[in-house]
Amino acid sequence: MGTIADIHNYYEELVMQQIRALELDRTRDSEYLADLCCMVLNQLPAHYIRHNVDMVYFTSPEQRAEMEEKVFHAVNQSVSWLDSDHHDRRKHEDA
Numbered sequence: 047m048g049t050i051a052d053i054h055n056y057y058e059e060l061v062m063q064q065i066r067a068l069e070l071d072r073t074r075d076s077e078y079l080a081d082l083c084c085m086v087l088n089q090l091p092a093h094y095i096r097h098n099v100d101m102v103y104f105t106s107p108e109q110r111a112e113m114e115e116k117v118f119h120a121v122n123q124s125v126s127w128l129d130s131d132h133h134d135r136r137k138h139e140d141a
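Note that our numbering has the sequence shown beginning at 47, numbered continuously upward.
In short, the hints are calculated from the structure, not lab data. A hint or two may mislead.
Stated by the list, open to error - Derived SDA-like pairs (lysine to any residue); straight-line CA-CA distance at most 25 Å:
1) K116 to Y56
2) K116 to S106
3) K116 to W127
4) K116 to N98
5) K116 to H97
6) K116 to L79
7) K116 to R96
8) K116 to D81
9) K116 to R74
10) K116 to I95
11) K116 to D71
12) K116 to D129
13) K116 to L70
14) K116 to D75
15) K116 to Y78
16) K116 to S76
17) K116 to T49
18) K116 to L90
19) K116 to E59
20) K116 to P91
21) K116 to D100
22) K116 to S126
23) K116 to L87
24) K116 to R66
Using the sequences plus the hints, can you model the full thing?
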């Protein structure tokens, strides 16, 4: 029997795939990545599943492509903001 621990937001996996594709996990520190994940996931709808394989049966290829496109844009927008001169994480850390 499954438990609540088996449930996860599928967008989390898509976000991590995009982070790895951009090699941000190799070029940014863990604090940056945590901020990035929070920013990105807050821009996306939740899509809870128990097993990743469920996505094969319950989403069309078009829906999957749309989800990936949303993640792509949310990651790029968040990286641009985090890397901008207008945002300096050190200011927040010193406060």
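Status of each hint after checking the structure:
Distance restraint check for K116 and Y56: the Cα-Cα separation of roughly 13 Å lies within the 25 Å cut-off, and the hinted pair is therefore satisfied. Among the hinted pairs, K116 with S106 is consistent with the structure: their alpha-carbon atoms are about 15 Å apart, no more than 25 Å. With a C-alpha separation of about 17 Å, the suggested pairing of K116 with W127 holds against the 25 Å cut-off. The hinted pair formed by K116 and N98 meets the criterion: a straight-line CA distance of about 18 Å does not exceed 25 Å.
Under the criterion of a C-alpha separation no larger than 25 Å, the hint pairing K116 with H97 is consistent with the structure, at around 21 Å. For the proposed pair K116 and L79, the alpha carbon gap of about 18 Å is at most 25 Å, so the pair holds. The suggested pairing of K116 with R96 holds, with an alpha-carbon distance near 21 Å, which does not exceed 25 Å. Taken as a hint, the K116 and D81 pair is honoured in the structure, with Cα atoms around 18 Å apart against an allowance of 25 Å.
Taking the CA atoms of K116 and R74, the gap is about 22 Å. The hint holds against a cut of 25 Å. Restraint check for K116 and I95: the C-alpha separation of about 18 Å stays at or below 25 Å, so the hint holds. This hinted pair checks out: K116 and D71 have alpha carbons roughly 20 Å apart, not beyond 25 Å. A distance of roughly 20 Å separates the Cα atoms of K116 and D129; the hinted pair therefore holds under the 25 Å criterion.
Note on K116 and L70: the hinted pairing holds, with a Cα-Cα distance of about 18 Å set against a maximum of 25 Å. As the CA atoms of K116 and D75 are separated by approximately 24 Å, the hinted pair is consistent with the 25 Å bound. The suggested pairing of K116 with Y78 holds, with an alpha-carbon distance near 20 Å, which does not exceed 25 Å. The straight-line distance between the Cα atoms of K116 and S76 is roughly 23 Å, inside the 25 Å bound, and the hint therefore holds.
With a C-alpha separation of about 29 Å, the suggested pairing of K116 with T49 is violated against the 25 Å cut-off. Using a Cα cut-off of 25 Å, the hinted pair K116 and L90 holds, with the two alpha carbons roughly 7 Å apart. The suggested pairing of K116 with E59 holds, with an alpha-carbon distance near 13 Å, which does not exceed 25 Å. With a C-alpha separation of about 10 Å, the suggested pairing of K116 with P91 holds against the 25 Å cut-off.
Annotation: proposed proximity of K116 to D100 holds, straight-line Cα distance about 20 Å (limit 25 Å). Among the hinted pairs, K116 with S126 is consistent with the structure: their alpha-carbon atoms are about 15 Å apart, no more than 25 Å. A hinted pair counts as satisfied when its Cα atoms are at most 25 Å apart, and K116 with L87 qualifies at roughly 10 Å. For the given pair, K116 sits about 16 Å from R66 by alpha-carbon distance, which is consistent with the 25 Å threshold.
The structure fails to meet hint 17 from the earlier list, while all remaining hints are met.
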